[in-house]
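Chemist: Sequence:
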Amino acid sequence: MEGMTFCWQTEWFRTCMPLFSCLLEEAERIAAGKEGDLGKMGDLLGQIEHVCDPVEELKNCHYARQMMNVRSALLDLTQTDQKAELAAYTLLPFLWELREETYFWGCVAEDAQKRKAYWQEEFVSHHRRMNPRRTEPKKVTIFIPACNHLDYTKQCVESVLRHTDLRACELLLLDHGSQDETAAYFHTIPNAKVIRFRENVGMLMFSVAFRACCGRYLAFVSNDTIVTEGWLSHLLDCLEREEKALSATPVTPFTSNCQGIAPCPLEGLEDFAKEFHEKRKGNWRHRARIMPVIGVYDVAKLDTMGFGDRWFQTMEFWDDDVSLRARRKGFQQFLCTDVYCHHFGSVTGGVAWGRTLAAGRELFLQKHGVDAWGQGFCRSEDMIALLLEMKLPETSISFLAVDCGFGDSIFEVQNYLKEQRKQVQTYALSEVEGYRGDVFPFVQGWHTAVEGTAAALTNAFAERRFSLILTEKSGLSGEILAERLLPGGYVLAMDSDLTKYFRLAGRKGHWSLWKKM
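All residue numbers for the sequence shown refer to our numbering, where the first residue is 1223 and numbers rise by one.
Possibly wrong hints are sitting among the right ones.
[Stated by the list, open to error] Below, in silico cross-link-like pairs of lysine-lysine (DSS-like), each with a Cα-Cα straight-line distance of 25 Å or less: (1) Lys1730 <-> Lys1640; (2) Lys1640 <-> Lys1738; (3) Lys1376 <-> Lys1338; (4) Lys1256 <-> Lys1338; (5) Lys1695 <-> Lys1730; (6) Lys1305 <-> Lys1338; (7) Lys1551 <-> Lys1338; (8) Lys1501 <-> Lys1644; (9) Lys1523 <-> Lys1613; (10) Lys1305 <-> Lys1503; (11) Lys1361 <-> Lys1523.
[Said to hold, decoys possible] Simulated restraints on C-beta separations: (12) Ala1406 <-> Lys1338: 41 to 49 Å; (13) Ala1339 <-> Gly1567: 18 to 26 Å; (14) Glu1497 <-> Glu1611: 25 to 33 Å; (15) Gln1342 <-> Ala1484: 51 to 59 Å; (16) Gly1264 <-> Gln1342: 32 to 40 Å; (17) Lys1336 <-> Asp1717: 37 to 45 Å; (18) Ala1254 <-> Ser1455: 27 to 35 Å; (19) Ala1406 <-> Gly1261: 25 to 33 Å; (20) Gly1264 <-> Lys1336: 50 to 58 Å; (21) Glu1611 <-> Leu1383: 20 to 28 Å.
Calculated directly from the structure, the hints in this document are not laboratory data.
Ideal placement from N, C-alpha and C gives every residue a C-beta, glycine not left out.
Required output: the full structure, derived from the provided sequences and hints.
Modeler: What follows is the structure, encoded as structure tokens:
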């Protein structure tokens, strides 16, 4: 618990704190291979329930369901010889999450100022990995969550077993409230650690997996996917070579955010994936946000920012939240376009979460004060196509981005220029100071255009001229843009007509490419 504070305790939560401490002490004893008093633990849970049951703020969260998960884990402890393992990988993470669910929703969530302070001051320390079993650390913890849909789960697990060298891996299988035979199937997998939730508790699943893992990397694999030969080693290659990389994700079909391609027939999947990698080896694209149906994360970096946030009860936009927090820590998320895995398409998530998109988007807005789908959240395929039309002979490129929001278009331009073996100096300006944290860690200069974009184009970075200007703001002065551009340079712009000052080099959809003569 080192470094943890609970600044917003209510009187009733203060009553619960020593009860939780006693529970955790007993669970830690069992995880260390010592005897624990399960009867005492049951009594302590009863006392917590007595205190918490009247608390109205706990009626609309996962408190009651997580209490049932903890009680079920205690019951399982009476029926297994693997008590230390079950305590370490299930009971302890369950208890940490029960306490945090009680504290956040009972003491913090109703008040916007308390939420803000919690996210700034307590969230990270409350969500660090705490598994005490470090005697056999692994390089990678792979976790596969499943809620029903056993046929898909079997295909997923069998592909992981077939295509992964598990000698350096720990395999966590999470049964997230299934009503079918998922739990029984998981227990047939050799050397897997099974975490069983009797009740589905949404985002708590991610925190439990993170708290339980002992790997230096954490690989999340959705149960509606099929991995391919070399998937893990290829994604790890990216993480180990890119110093700022938080995560690496493969290309998968039926995935939004411009992360997918048309699906390959399953009967030709392995040959397709092998050729896909050989043709694109090392093509890793830094993106502003990632939707990880499969994702491998650097655990040490996650420890500095936290993983899933229970605020996103609907399980929509949790990945946008992780992406924003990663950007603002200066971490990069990579779409590895040299790795292809199959995705059936939200078999579980589409059923459980499909009706909650608007609610999740509103939760993101309440937390961050910006729209998750605001300016620059996802680059345009039309913009990417126009990049290919540019002819920039110089090896050193000075690049200016104007009002590009979250920055996905900026990062894709950087990706493209890097592929062309260009040395890139990037500068950015925006009228919205709120986007500074999303872009500043990845550019050489930032200017907040409090004077307005038009004036800033004249004044900002005044000593520089640019080979390329990218703008997602329409109506900018062609004359000013021309003044800031080097001869032969380009403007890549949305909804703009710059005919008077430039030659049109290409147009696609809302985007146009203009060259200075």
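Chemist: Provide an ascending list of the numbers of those earlier hints which the structure does not satisfy.
Modeler: 3, 4, 6, 9, 10, 13, 15, 20 and 21
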